[in-house]
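Which chain is which? The protein sequence lines are A and B, in order.
No gaps in the numbering here: position 61 of the first sequence is 41 in our numbering, and each next residue is one more.
Convert by adding 27 to the 1-based position in the second sequence; the result is the number in our numbering.
Just so you know, the hints here were simulated from the structure itself, not pulled from any lab data.
Any given hint could turn out to be false.
[To be verified] Restricting the straight-line Cα-Cα distance to at most 25 Å, the calculated cross-link-like pairs of lysine-lysine (DSS-like) are:
no. : chain 1 : residue 1 : chain 2 : residue 2
1   : A       : Lys(-6)   : B       : Lys450
2   : A       : Lys(-5)   : B       : Lys218
3   : A       : Lys105    : A       : Lys124
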Amino acid sequence: MTNQNDMLSPEAIKKIDREVAKYPADQKQSAVMAALVIAQDEKGWLSKETIAAVAGYLGMAPIAAYEVASFYNMYDLQPVGKYKLTVCTNLPCALSGGVHAADYVKEKLGIDFNETTADGRFTLKEGECMGACGDAPVMLVNNKRMCSFMLPEQIDKLLAECK
Amino acid sequence: MALIDTINPLLTTGWSKGDAGWSLKDYEARGGYVQLKRILASKMTQDDLIAEVKKSVLRGRGGAGFPTGLKWSFMPKAAPEKYVVCNTDEGEPGTFKDRDLMRFDPHSVIEGMIIAAYAVGAKLGYNYIHGEIFDMYQRFEEALDQARAAGYLGNNILGSDFSFDLFAHHGWGAYICGEETGLLESIEGKKGQPRYKPPFPANFGLYGKPTTINNTETFAAIPFILGMGGEAYLNLGKPNNGGTKLFSVSGHVNRPGNYEVPMGTPFAKLLEMAGGMRGGRKLKAVIPGGSSAPVLPADIMMECTMDYDSIAKAGSMLGSGAVIVMDETVCMVKALERLSYFYFEESCGQCTPCREGSGWLYRVVHRIEHGEGRPEDLDLLNRVTDNMMGKTICALADAAAFPVRSFIKHFKSEFEYHIENKKCLVDPEVQRAGSGFFKAGAA
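Here chain A stands alone, though its shape is the one from the complex (with noise of 0.2 Å):
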């Protein structure tokens, strides 16, 4: 059994204690969200063990945890790529290319939607609204990075710099 304390760093617990601290103190839960988004960053995917040490930080439930890790789109409950691409297909932006970008990075990588490339660099997602439109197309690059106006050459450009 892994021993739970173990599975956040340091850098870690320091940052969710920042989170903790927006929170009135009998109200640790309301930092799960932020716990568990630094420890995808850490972990580069959220496996249940990682669930239930962020969970176990925050003195949830497991099970509480978990219900928040999977239902909301951002958090990976599978390994994904080093860089996860989301390209927003929503009606706004398949107006001004959203959905010609998304093929277009597909047969660039030669993969679909919820697919990994063969080395791992690569995994793509179609994405609903990132509140961008005016931007389109709009692309997500690992949940953080938004990337607007990707046109044929900023999508060249983005994959090249990808390494």
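Given the coordinates of chain A, work out where chain B should sit on it, guided by the hints.
Same frame as chain A, now just chain B:
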């Protein structure tokens, strides 16, 4: 996308310097935090403050359009523990105004929230920021640090006896958290499943305590309203539709982006500001208030003014002010298919009519789009929406139903053509060219 054009700029006065104008010193240089100082120095009463906001007829900018001052007045005075929450979980397809508010003028939101907290007697607040805009979350945290260091947040703000602190809570990808009680659940560290109402958040909100929750743009308008007076703000717009409003224009226009215009501005003017139709093509349809609002055909839309009452009269909703413009290259069946997939994907699963109904809507529209539609499918779709609307805890079921009903109502012949001929009325090559992704002539 920075602001391109505006009439009577208020909310966007600070946007002209782009990313170089968001910090505290810039905000103060353009009159920021003056209203907060005035309220604290004059010991303005909560009642007077709320009365001023009521006078402005500011209506909630998140989509529902509920009068803000009235909402604030519902907060129980005596409760010892109260909260103010900002809804920046901007995930309604077509809406991207709050992202730019966070980006170019986060302090206007902070000042608006502090003033709201003073008005309702809250000591603690949270801004729930959409998961996909991490850069804006970071910027807001930085702005909070600046405000705290300057004494605008924390204990005894600016030497007064008023204390309030504010933090940012980052979402992580769930449309349903834009629903206010789903959002509160999410801050509590749970699945974002909406709560039964009543009780409303003013009585039972965050951690079960009285809570005022408003949209980002609503809070951002507060300092401007107090600066110019409620009546002057109201007069910028039209009766019952006070002030200016940010419109996010997306789709087939030459210059997609955010535009701030007075309420009551003709749609034709807004379209012109957005550079007109891309490639000079013909306007086919507009979704005037975010993907949940019923679609309107071009001729009806061109007669509308951009305010709650005009759009409602035309049979749709102003919603969040997200104007999705579609030209003649759009297949309406394919457009609806994508929206229906969105609601199916984002239904939280709590209520059966929504969980199952949104799946039915998507699957049936999908089969029509893919040449497997049946003559009875349009009736079936309408019947499914009948069994969804008004039968669930929150409005997501209605939001899934409105596009289906309105697309079928206004573009029925296109759906019938699809069912009969098993293909799009609009040539696939024309559709492909419409997105502008491929350069003309390229493969």
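Legend entry - Hints violated by the structure (numbers, ascending): 1
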